[in-house]
Every structure is written in structure tokens, then in C-alpha cells.
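Visitor: Heads up: the protein sequence lines correspond to chains A and B, in order. Counting from 42, one number per residue, gives the positions in the first sequence under the numbering used here. Counting from 34, one number per residue, gives the positions in the second sequence under the numbering used here.
Incorrect hints may have been included.
Derived list of chain A stretches under chain B, where covered just means 3 residues or more per stretch with a C-beta under 8 Å from a C-beta of chain B [what the hints assert, rightly or not]: (1) 182-193; (2) 266-273; (3) 340-349.
Cut-off 25 Å, straight-line C-alpha distance, at most; resulting in silico cross-link-like pairs (DMTMM-like, lysine to aspartate or glutamate) [to be verified]: (4) B:K188 x A:D117; (5) A:K262 x A:E356; (6) B:K282 x A:D337; (7) A:K326 x A:E239; (8) A:K326 x B:E290; (9) A:K244 x B:E179; (10) A:K336 x B:E290; (11) A:K336 x B:D155; (12) A:K336 x B:D63; (13) A:K326 x B:D295; (14) A:K326 x B:D155; (15) B:K85 x B:E238; (16) A:K326 x B:D278; (17) B:K297 x A:D274; (18) A:K267 x A:D295; (19) B:K188 x A:E290.
Since the hints were derived computationally from the structure, they do not count as laboratory data. Quick caveat, the model's predicted, so the values are computed rather than measured. The C-beta atom is built at its ideal place from N, Cα and C for all residues, glycine as well.
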Amino acid sequence: MSAEIWVFAEERGGTVKPTSWEVLGVGQRLAGELGKPLAAVIAGSDVGSAAGALAAKELSRVLALESPALDPYTPDAHTRAVREAIESESPDLILFSHTYRIRDFVPKLAAALDRPYVPDCVGVTVEDGQPVFVRQVFQGKIDARVAVRGEGPWLATLQNGAFPAEDVRAGAAAAPVERRAMDSGGAASRTTVLEVFEGVKDKVDLTRAEVIVAVGRGIGKQENLKIVQELADAFGAELAASRPVCDNEWLPMDRQIGSSGQTVSPRLYIAVGISGAIQHLVGMKGAATIVAINKDPNAPIFQVADYGIVGDLFEVVPALTALARAG
Amino acid sequence: MKIVVCIKHVPARDSRLRIAQSGEWIEERDLSWEINEPDTYALEEALRLREKHGGEVLAITAGPDRAAEALKRGLAMGADRAIHLAGDVFNAADANATARGLADALRGEAPDLVLAGVQSDDKGYAATGVMLAELLGMPHSTLIMEVEVLDGRVKVKREMESGWFEWLELPLPAVLTIQSGINQVRYSTLKGIMAAKKKDLRRVEAPAAGSAGTGPAGTGPAGTSPTALHGLAFPSRTSRAEIFDGDGKAAAGSLWERLRRDGKLR
Ligand SMILES: Cc1cc2nc3c(=O)[nH]c(=O)nc-3n(C[C@H](O)[C@H](O)[C@H](O)COP(=O)(O)OP(=O)(O)OC[C@H]3O[C@@H](n4cnc5c(N)ncnc54)[C@H](O)[C@@H]3O)c2cc1C
Numbered sequence: 042m043s044a045e046i047w048v049f050a051e052e053r054g055g056t057v058k059p060t061s062w063e064v065l066g067v068g069q070r071l072a073g074e075l076g077k078p079l080a081a082v083i084a085g086s087d088v089g090s091a092a093g094a095l096a097a098k099e100l101s102r103v104l105a106l107e108s109p110a111l112d113p114y115t116p117d118a119h120t121r122a123v124r125e126a127i128e129s130e131s132p133d134l135i136l137f138s139h140t141y142r143i144r145d146f147v148p149k150l151a152a153a154l155d156r157p158y159v160p161d162c163v164g165v166t167v168e169d170g171q172p173v174f175v176r177q178v179f180q181g182k183i184d185a186r187v188a189v190r191g192e193g194p195w196l197a198t199l200q201n202g203a204f205p206a207e208d209v210r211a212g213a214a215a216a217p218v219e220r221r222a223m224d225s226g227g228a229a230s231r232t233t234v235l236e237v238f239e240g241v242k243d244k245v246d247l248t249r250a251e252v253i254v255a256v257g258r259g260i261g262k263q264e265n266l267k268i269v270q271e272l273a274d275a276f277g278a279e280l281a282a283s284r285p286v287c288d289n290e291w292l293p294m295d296r297q298i299g300s301s302g303q304t305v306s307p308r309l310y311i312a313v314g315i316s317g318a319i320q321h322l323v324g325m326k327g328a329a330t331i332v333a334i335n336k337d338p339n340a341p342i343f344q345v346a347d348y349g350i351v352g353d354l355f356e357v358v359p360a361l362t363a364l365a366r367a368g
Numbered sequence: 034m035k036i037v038v039c040i041k042h043v044p045a046r047d048s049r050l051r052i053a054q055s056g057e058w059i060e061e062r063d064l065s066w067e068i069n070e071p072d073t074y075a076l077e078e079a080l081r082l083r084e085k086h087g088g089e090v091l092a093i094t095a096g097p098d099r100a101a102e103a104l105k106r107g108l109a110m111g112a113d114r115a116i117h118l119a120g121d122v123f124n125a126a127d128a129n130a131t132a133r134g135l136a137d138a139l140r141g142e143a144p145d146l147v148l149a150g151v152q153s154d155d156k157g158y159a160a161t162g163v164m165l166a167e168l169l170g171m172p173h174s175t176l177i178m179e180v181e182v183l184d185g186r187v188k189v190k191r192e193m194e195s196g197w198f199e200w201l202e203l204p205l206p207a208v209l210t211i212q213s214g215i216n217q218v219r220y221s222t223l224k225g226i227m228a229a230k231k232k233d234l235r236r237v238e239a240p241a242a243g244s245a246g247t248g249p250a251g252t253g254p255a256g257t258s259p260t261a262l263h264g265l266a267f268p269s270r271t272s273r274a275e276i277f278d279g280d281g282k283a284a285a286g287s288l289w290e291r292l293r294r295d296g297k298l299r
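Next comes chain B alone, as it looks inside the complex (with noise of 0.2 Å):
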């Protein structure tokens, strides 16, 4: 089987986050990046998956030039080959216009299966995978927790509010979004990581901006969002916290003091 698995390159998680002087994105430099986390849990379900029933895991991204690295590193894990959707517009893009990408990029492939982290945690819209759905004619279902493919079909398992779940069966092809804790990923290895090197990665070049396209009903060319980020702050709302400094001992000393002095221990 031909599964696809969408992924994203976003900032790695304990980055000092400085935004740009736009105000629209935040200050690329001196930053260090990784695969988005809920992607790193489709891509391993892809890649046993394939273990599993045979056929191939090809990796995808829509971003800027860096987010080839994403790719890389996907291969580096075992992905079979990569596409790699170039364009600056992506940064900006909401999960409509990078869905749309996607979609157009992938319609060739003909995928049995395409996997999606479940969200991304630069932009979390939480909705790219299920919109590709949409534009790819095919059946989907969100924060998946168990996969078992089927004769024609799969069977997933589906993550509810507060600790239930549901198991559920669709048609193939399917769209899936994976949740986190589907399963325990794999490191890559020198060894995938010097075999990735051999992988085919296919750059195609999104339109630009302003260039003429299939872009979203009324809202403009293809590569441009109906909906645009401006304004990023960090929240005004102003913590009530009490925060006790120095070092973790002296730090300690006034937190416990304080919380019994506010008759919090009992």
C-alpha cells in the first residue's frame, strides 16, 4: 500500500521565541527546528504500516526552504521518498491554503492511505488533514490512537474527550490524523541517516503570492490564505502569580514559607 505522511517543520519545543519585526511570524534566526511531535507519531504508524503489509511511505511538507530539513530527517527514519512543496507563502499560510497545496501536490500519487500529526505546534488550526480530506474526495477521522487496515478498509480507534474512545471503520483511501501516544517512536540511526541521502526528495515549487491560480473562492490567488496572521504579541494577561526567585534552594524556602503563612498546607 502507498501511504502518505503530511509533515510539518516547526520550531523545536523549548525555543526562546522572538517575534519579527512585521509582526506577522516570528524571528526565523538562531532558532533550532524539528518535525512537528504529533507528526513524528504518523510518520512511525506509516513506517509500521509498511512493515506490516508492504508498499511505500512518501513524505510530505509545504514550507520554506528550511523545511526540507523535516524531510530529511523523515527519510532519515525510514520514509521511502519525499516531496517537498517549496514556497516563503507557507509561513503564513492558514491550514486552507497549505491544505490546498497539499492536495494539488498529491493528486497524482493516488495514496491508499495519507496520516497527519493531529495538529502542528506552531499554528495548531488542527485542521489541515481534515481539509485535504475534503479536497482528496476522501473518507477521514481525527485523533486516531489504533490503526488495523483492512481488506479495502481501516479500522482506527478514535480518541473522545475525557478518556473515551471510539472505534470506528472507513473505506480506503482514507485520511487520518494521528494522536500522540499511538505509538513509541523510533530514533533514526547513522545507518538511515546515510541511506537518506540516496532517497529521491522532489522539490516543486509552490506559486507565488499574487501569481494566478486555483486559490480559494473570493480570497485570491492560490498560495494566499482567506484568513492572515498580524499582531503577534505575547498575551498581555497578566499572570497573578506569585514568583519566588534566586537560587532553587532559597527559591523553595520562600514558596514554603509563603504557602504556609497563606494557610495552604494543612
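In isolation and in its complexed conformation, chain A is listed as follows (with noise of 0.2 Å):
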């Protein structure tokens, strides 16, 4: 049997994450261009319903990488459980999400195992049988496309939103389920979990704001807020931040828009000297009517908006404050 691709799948609470699932429409999409059989692969204490997901879809099976020693994740018992499988099974090409987990076991992954590793692409080719990568450089400005080199398997994430969710197909049958039982002996996890918690509680929930302004870094210093609190004000607007002005302290973090704070959708975004970096794009892209104030005409949060000003921020905001007020 030709080497696989593999699609490594997530899950929370039973639940395959969408974010897996956006994988695994590349991954169908790949071993067709390929000619090569794909497979899921999961791991985790108890993941048989998310295994029994993945196994609808049109694949030739899930591998199930079960063991006590995977719950709660550390990335020595992650890393040691898929490093085993992938010696015993060889696969030429391993597709994973760029989550948070993700991120902190894989590249370790690679290292242990001197694979190439090309994280956090948004496009996949397959150029002379072999698959061509394409990832943003200087934070969402420039494309570029990486060749692997070498042997498989090749270990690749792939950007959250990047790609559509629906483009899985379902398969004509359920593939095979192979649980197998990792060796959870052997050194144990250097890293002890001590406690699981959510950050700030009674946070402002911007989540139902109809209306969002929504301030960056171009603000130059918390004395500017002042000119984007009006604006808001003048159209009803929750004001909201991108993470460089909480992390200044300029406003609460609960005010954070993006991937490490809130996930909004409101009838209307107004981004104020944000550059439109992807962990702020996935909080705010399911915005209805997405609008942009920027001075710099490359910026990447004019690939998602809507309508948009490329110029000075405070020349552009007092005067669409008056506008508002005016009515």
C-alpha cells in the first residue's frame, strides 16, 4: 500500500473540532491529487464518538491513539503517542490544524523526528506529485511558497478559517476504526497540570453588541482613546480592542477581539488602526459589514472589510464622529 496522508483531528468533549474538519477537506482534496489513501488520526483517553465522526466521512480509516496518559494533554504524551504511530505506520504527509495545542507539541514532533514542518498554511498545492505550501510571512503582508525537501513525512499545519469546513465529503460507507492502545508507560510527562480556568469572569460580553469599534495599535497611546470612545459613542457602539492595546493596559482585557479573546459578529465592524492580523481576523470576520480605517493600503484588514479609508486615523475619526452625531 502507497504511504498515507494523514488529517490529525482535535476533539473537545466528544466533538470533532471545526477546525479538524477544515483539515480534512484538504486532506480528501490532496489524496486525490495524489493518488494516495488518507486517514484520520486522533488521540486522546476516550476518543471513540469523535473517532465514529471522523469514520463517516470518505476516508480509508481513523487510527484511534488511545491512553490514560493523554488526558489532560502534555505535549511529552502527545508527542510520544504520535511519534509511535508514525514510526510504525509511516505515513508521507501529515496535515494538522495550527491550534494552540497544536502549536505546542508538533513542532517538538518534528525536531524528535527531523521531518520538515511548515506551519500555518493558507493554500496547498500538489506541483510534480509533490505538495508546494503557501504561508504569510511579516504577519499577513507577503505570500510565499514553501517546497518541502527530503523524505517523508512532512508535518503541515494549516491556518484556522482557511479553509471552508463544508468541503469534507461524507464517505459511501463508515472507513474502519483502529483504537490502538498507546504505551503510556515509559517516562512519564514531565509537565504536571495543575488547574484548567477561564481568565476573567463577568467579563463584558461584546458577543450581542450590534455595533463594534474596534481600536488598534495606530492609536499611538492611551490619551488618543478619547477620539475612538466618541466614535463609538456616536454610533451606539461597544468599544473594542485588538490585543498590542491590552496588552498596554490601555484598555481591559476583556475588550479583546480575536483568537486569545472574544469572537464576535455584530451587524457592524469598524476596525480603527488595526492591521488585520489573522489571530485578530478569526475574532471579528463574521462581522456583516466589515469597515476599515488604515493608512496603510497593504494592510491586510482590507482583504476582509467591506468599505474602507486608507489615511490618517485622526484626521478620519473626528470627522465621521460629527457625521454620526449629526445623524
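Make one complex out of these two single chains by using the hints.
Guide: Right under this line is the structure:
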């Protein structure tokens, strides 16, 4: 049998994460183009129901790596289990989603295996029978193509939200699920998980806001926030922020939008002085209408915006506030 | 305790970038450079730990000649000494090649703690610190928002998605990748800049690409990467945005009219 393509899936509470479906869709396409069988791999202490959901899709098998040592998650235990599976099965290409957990252990796995690792890809094509990846560099300002050298397995992660989850095709019949009890003995994980908790209780709930004015580092300093607060008031909007604004303690962390903050989908989102890094975009690109105000015409925020002003926010924002006040 | 901080020299954030003719990197002329932002948080955290527990902070970078500037700034902020693993190969290097270079350079140092930023603002692999941990045989954790050094161990707060966190404990020595916002980064003072001039900044030549060495298996000699960037291009994803030009007031006026006409205001 020719070497497989693997899609590494993640689950939470027995349900496959949406980002894993995105990756599975890409895996199905590549399996077709490369003429290789596709397997889904999942790891945890009890992954039966997620494995079942994966098996309903078009793939040749599901590999469920199970061990009590895999829960709670630690990078040591995950690396060990996945490495063991890779070494016994020799897949050609392994696709992951670029989630916090994957970022935490897959680089270690790649270094341990000494194999190519191409993270956070937004495109994959096949050229001369080889995958070629596209990934963003310089904070989304430039795209780069990445070719891999040497032998597989190649490890790549796909950017969250870059591929549609709806692309996944169902299988004609359920694929076989192979449950593997992984060796949980050997060296124990060096990491001890003490506690998992939610950061801010009683946080401002931005998910219900109809209109949001979000401010980024372009505002320069805390004293300047006044002009965006006025804009927000004039629009009857909630004020939100990108991460650097909260990192600098100009606004509290519960106003942060993005992968480590809140995910919102208001009717209108006005981004002021925000570049549009992917970690910000994942939190707001579901907004019905997006307006971007930024002085850099190449800022990635314009790729998701419906309306934009390329200009100095210190001129644009007060003018817009005046218009909104006049109604 | 001995703390190593990995820092990277990257184009200043507001740079207008141009792509080099080769299509393999950016045009470096006329750019201004800075320490990769997440790394400044790592350095600040190292300095705070030294202030609390005593010891030494060693800054290291892998990069071409210009990268020595990042170390000078690190020394001015308060690092005690620095190692510049120098080589043009590091522009094209992927995280694996960089981590291997750093691991070789650090092997004789026996640090208690190695800190790195969560990812770089240029290539953004988010992998170098984690790979370094594997190569040094140390445990690691990523996206760290709080560090508490205990007796032979370290207790850390790790950021997870959507506002969740976890507390973890690891034995020392360990590698941590530090997330932005963990602290408020100090500015370097004139006194710091003067003092930095007398500090030890050691240059170590990285093996040139194509030379023999202990590179990644099956992928060539040290300094060459198993993956190669090429075909750099500005994104072709077409913006569907309708852009309003003119001075601020005029642009705001056109935008307002348009929002009203399209029924976006209620
Ligand atoms: C694991 C991880 C999680 C993260 N989570 C989040 C998250 O949840 N939310 C988040 O936002 N970020 C997050 N980030 C950070 C993210 O990668 C970016 O660094 C961040 O979003 C950048 O914020 P910004 O756009 O405000 O700042 P910058 O990228 O510095 O952009 C500032 C923008 O302002 C513009 N500007 C400057 N002056 C003016 C002016 N006078 N007029 C008009 N425009 C101007 C500039 O052109 C620039 O585009 C995360 C990063 C990591 C690694």
C-alpha cells in the first residue's frame, strides 16, 4: 500500500473541532490529487465518539490513539504517542490545524523526527507529485511558497479558517476505526497540569453588540483613546480592541477581539488602526459589514473589509464622529 | 540562575516592505529593524526573574551581521552578555535549522531556563522555541503569561484559546515561549546603552550552507533547511473593499453617505 496522508484531528468533549473538518477537507483533496489513501488520526484518553464521526467521512481508516496518559494534554505524552504511530506506519504527509495545542507539541515532534515542518499554511497545491504550501510571512503582508526537501513524513499545519469545513465529503460506508492502546508507561510526562480556568469572570459580553468600534495599536497611546470612544458613542457602539491595546493596559483584556479574546459577529464592525493579523481576524470576520480605517493600503484588514478608508485615523475618526452625531 | 533569552532581529513593524529580486526574501536596504516584539517580553521576563532570584541573563540571536544590533539593544535593556550566531543562512532558514544552530551554540552553557518569544513577526513559524527544547532535551511550555520559579521547578500560566488559561508545573531546566502582554517592557536608558558597550558580545560563525555538519537528516548540511521559502509575493486575494480616498474629512463624508445608502446605519 502506498504511504498514507494523515489528517490529525482534535476533539473537545467528544466532538470533532471545526478546524479539524477544515483540514480533513484539504486532506481529501490532496489524497485525490496525489493518489494516496487518507487516514484520520485522533489521540486522547477516550476518543470513541469523535473517531466515529470521522469514520463517516470519505477516508480509508481512522486511527484512534488511546491512553490515559493523553488526558489532560501534555506535550510530552502527545509527542510520544503520535511519534510512535508515525514510526510504525510511515505516513507521507501529516496535516494538522494550527491550534494552540498543535503549536505546543508538533514542532517538538518534527524536531524529534527531524522532518520538515511547515506551519500555518493558507494554501496547498500539488506540483510534480509534491505538495507545495503557501504561508503568510511578515504578519500577513506577504505570501511565500514553501517547497519541502527530503523524505517524508512532512508535517504541515493549516491556518484556522483558511479552508472551508463544508468541503468535507461523507463516505459511502463507515471507514474502519482502529483503536490503538498507546504505551503510557515509559518516561512520564514532565509537565504537571495543575488547573484549567477561564481568565476573566463577569466579562463584558461583546458577542451581543450590534455595532462595534475596535481600536488597534495605530491609536498610538492611551490618551488618544478618547477619539475612538467618541466615535463608538456616536454610533451607539461597544468599544473593543486588538491585543496590543490590551497588552499595553490601555483597555482591559475583556475588550479584546480575536483568538485569545472574544469572537463577535455584529451588524457593523469599524476597525480603526488595526492591521488585521490573522489572530484578530478570526474573532471578527463574521461581522456582517466591516469598515477599516488604516493608513497602510497593504494592511491585511482591507482583505476582509467591505468599506475602507486609507488615511490617517486622527483625521478620519473625528470627521466620522461629527457626521454620526449629526445623524 | 542562568537564563538564556532567544531574540530575533526583524523589520520594524510599520515598514513598507519590498520583495527582493530573487523572490526569496525581502529587500533589506533602507529598512529599520527592531527586536521581535514577543522576544522583548521574553527578555523583560528574564530580567525580572534575575532581579528576583539573582544570576545571569544571556541573550542569543541567530542571524546575519545586522542582527548584532538586536543584541546590543538587549544588552542595553539589561542582559549581561550576548552570543551572536552569525550567518546569512538564517534569513532563509526555517525554524528547524535555526533551532539546531541555537541548540549547538547553547550546549556548553547549561542554562536553568531558556525563554523565547511565542513567534516571530517575520516568518512566524511559532516553532523555534519548542524545537530548541526538544534538541536540548528539556521540557517546555508555550504561550506563557506568568512565570514563578520554585525550587528546581517552574510554575507557569499558559494561555489557551478564547480567554482560557492553565497552570502547569515543569522541572528545570526548561524552555518557555513567552506571550505578549505578560509584563510591561522597560525602555533602555542612556545609562544602559553606555553600560552595554562594555558587555561581552561574542560572535560565533554559523557553518555556511553547503559545508559539512550535522544538519537535519536527509536534508543537507547544517544551516540548510528542510523547507525553503520562495516565490514571495504580495497577496493576490482581491480586496472586495470599496475604498474612499481624499483627505480625512472628504473620505469620512463619502463613507458615511455610502453606509447610509447601503442601509448599514440604523
Ligand atoms: C497566539 C496569539 C494570539 C493572539 N491573539 C490575538 C487576539 O486575540 N486579538 C488580537 O487582536 N491580536 C492577537 N494576537 C496578536 C496579533 O498577532 C497581532 O500582533 C495584533 O492583532 C496586532 O494588533 P494591531 O493591528 O492593533 O497592531 P499592528 O499590527 O501594530 O497594526 C497597527 C496598524 O495601525 C495602522 N496605523 C498606525 N498609525 C495609524 C494612523 N495614524 N492612522 C491610521 N492607521 C494607522 C498601521 O498601518 C497598522 O496597520 C495574537 C498573537 C498570537 C501569537
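Visitor: Next, verify each hint and record whether it holds.
Guide: Structure-based check of all given hints:
no., hint, in the structure
1, 182-193, "holds (count 11)"
2, 266-273, "violated (count 0)"
3, 340-349, "holds (count 7)"
4, B:K188 x A:D117, "17 Å, holds"
5, A:K262 x A:E356, "16 Å, holds"
6, B:K282 x A:D337, "18 Å, holds"
7, A:K326 x A:E239, "24 Å, holds"
8, A:K326 x B:E290, "23 Å, holds"
9, A:K244 x B:E179, "21 Å, holds"
10, A:K336 x B:E290, "21 Å, holds"
11, A:K336 x B:D155, "21 Å, holds"
12, A:K336 x B:D63, "20 Å, holds"
13, A:K326 x B:D295, "19 Å, holds"
14, A:K326 x B:D155, "23 Å, holds"
15, B:K85 x B:E238, "34 Å, violated"
16, A:K326 x B:D278, "23 Å, holds"
17, B:K297 x A:D274, "17 Å, holds"
18, A:K267 x A:D295, "18 Å, holds"
19, B:K188 x A:E290, "24 Å, holds"
Consistency with the previously given hints fails for numbers 2 and 15, ordered from lowest to highest.
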